[in-house]
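Visitor: Residues per chain, in single letters:
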Amino acid sequence: MPDGQVLRKRAEEALKVRGAYGKDYELDSYEAASSDRDRVESLEDIAADQRKTMTDVGVIPDSVGRSGSLIYVDNTVVHNTTADQGLELIPTHEAMEKYDWLEDYAWRAVQVDKDKYTARAYLENANGYFIRVKAGKKVEFPVQTCMMIDSNKRTQHTHNIIIVEEGASLDIITGCATSGHASESLHLGMSEIYVHENGSLNFSMIHNWGKETGVRPRTGVELGKNAKFVNNYVIMKPAGSVQSYPTCYLNGEGASAKFNSIALSHPGSEIDLGSQVVMNAPKTASEILSRSITLGGEMIARGRLVGNAQNIRAHLECRSLIMSETGRTLAIPELEAMYPDVEMTHEAAVGKIAREQVEYLMARGLDEDAAVGMIVRGFLEGSIRGLPESLREEIDEAVNMANLGN
Amino acid sequence: MLRIEDLHVEVDGKEVLAGVNLEVPAGQTCVLFGPNGSGKSTLLHTLMGFGQYKVTKGKVYFMGRDITDVPIDERARMGMGILLQRPPNIVGLQLRDLVKAAGDGHLDIDETAEALLMKRFLERDVNVGFSGGEIKRSELLQLSMQEPCFLLLDEPESGVDMESIDLVGKKIHDLLYDKKGCGWEKGNRSKSALVITHTGQILNYIDADCAYVIRGGQIMCKGRPRDILRDIQEKGYGECIKCRMVKF
Ligand SMILES: Nc1ncnc2c1ncn2[C@@H]1O[C@H](COP(=O)(O)OP(=O)(O)O)[C@@H](O)[C@H]1O
Ligand SMILES: [Mg+2]
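For the record, the sequence lines run as chains A and B.
Numbered according to our numbering, the first sequence terminates at residue 406, and the numbering increases by one at each position without gaps.
Numbered according to our numbering, the second sequence terminates at residue 1248, and the numbering increases by one at each position without gaps.
No lab work stands behind these hints: they were computed from the structure.
Computed from a prediction, not measured in an experiment: that's the story for all the values here.
Hints are not guaranteed to be accurate.
[Unchecked claim] Cut-off 30 Å, straight-line C-alpha distance, at most; resulting in silico cross-link-like pairs (DSSO-like, lysine-lysine):
#1 A:Lys352 - B:Lys1222
#2 A:Lys211 - A:Lys52
#3 B:Lys1054 - A:Lys352
#4 A:Lys23 - A:Lys352
#5 A:Lys114 - A:Lys211
#6 B:Lys1100 - A:Lys352
[As the list claims (entries may be wrong)] One-sided excerpt, in silico: chain A residues whose CB lies under 7 Å from chain B:
#7 Glu359
#8 Met362
#9 Gly365
#10 Asp367
#11 Phe379
#12 Ser383
#13 Arg385
Ideal Cβ placement from N, Cα and C applies to all residues, glycine included.
Construct all of the structure, not just a fragment, from the sequences and the given hints.
Guide: Structure below.
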């Protein structure tokens, strides 16, 4: 295990390494946002404007129907509570002090020297959330977390570690947002996810950034034998530049991963979403589904499946609608196989909404806007099973607000 | 109910209807016969207002109003409803959501679907992977919810297996004789319809009043449905059209 000295050196050397994709941000021109904000004992004590920002990304203020909540504002964990035995939800700093063994996990699934963003988060000693579900524990209600940027022209950096132990299961719903006055900030969110043998994790994210916000998450996932991981990523509101490309390693036999992303790219937004699954063990399965629409912004959908073992199944599907004369959409599906005994497929389709479908619904009495809205909603969320209700609501609302029939 | 005057229609720059004249009186059901490619579907699609069909000449009157340039959804709200021969697939949209949107809420979706043996299709994507017969039943389910006063049915019996033909035929009968009136009841039939049929099988269920034969984008003759069907069956379209042309 690399000790602190080694990691620091690697990070320092990577501070100038640009990200592989997406617009480059000059990190020196941003100061870190506050890591010393006041703690909030009850979610209901959070200031009204902040609370609105949170609820807009699916956070439930009274925590009813949630097994735990953690709120991260700027660079401070301002609130964390759990209501479930067997579930731990604490700041990453606290967890690192509490558990020596956590060193075996930290900066393993995400490399500190991947690029300047990981390097910066490491060198800033980013805090974040640590979530651990103890072996065998099936957590009934989802954990909710919220990452909010509340000061302008600052960086938020987080280091999140999620560990689902053997046979345990958990759902997480994360809302990421900037408050209205903090649009020109930068979010550097590092997440490391470990699901052990027979464990299961559903991880859902809703994003609501500002029109100028830069978003550079770096996510690594490791799955053990028969572990299951589902990742739902929804971004419907305008954002500056979002570039995300999580990598999931299926290291145990029978493991499976599913990445669903649903995105709208508004004029002026650069949305570059990818997912990569590296299948290192036999009998693993993976699926990447991407549904996106450009309303005039840039929309890039990447997907990469790597078959490093025998007897695996993998499917990748990128579909994109263009609903504007301007804007651009780019789908890049990639398959890589090392063995003959694999079943790997991909599909990509880019086009406009089919007039025939719209007219069919109009013949049933729907006006044109309603018809387009219905088709678009179906396009975005219809093929993705098991999407949490809050994500569906977010999509429905965005489709209504964007007035896509016009 | 419906009057079509000298209707000329182009599809992709090609004239498909070349001066159609046709009338469906209120409360009546007319059938439309014609060989493949004669323009039957084109006529129904044009009546519904689909964008691909460009009216270059002529008029369509519906309930006394010139609807030649009226948008599709407005026609639907005026009481027109269509059963398509080949409706599009809509991936991601569940049939239940479409059926719900087609109705005004007073009919129970599950019951209506059950009557058409379509209940287990409600959670399926619209038309995706449906067989020929399932497509017809799905269309009829949508029409049942929509409750149009004037039905445009494009070959409702084609592709339906022998077992379900009775179900489909009876359902169409029920739609035409539905209690909910449209203000012009003739006997106990409350709705009007224009029905395309190839085989004439549907005649056993709907008690049609009039029949037209179309060929090459023009109406060739008009008469009593059973007579015309017999002529077509005995002599084929060529003969039938020749003998009737003088009369029309
Ligand atoms: N979308 C289209 N593009 C080109 N030609 C078409 C199109 N739709 C119909 N046609 C042509 O118009 C003619 C009539 O077609 P259609 O109305 O479907 O016939 P029917 O329903 O009587 O079998 C045919 O020659 C057909 O090829
Ligand atoms: Mg036809």
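Visitor: Tell me, which hint numbers fail for this structure?
Guide: Numbers 1 and 13, in rising order.
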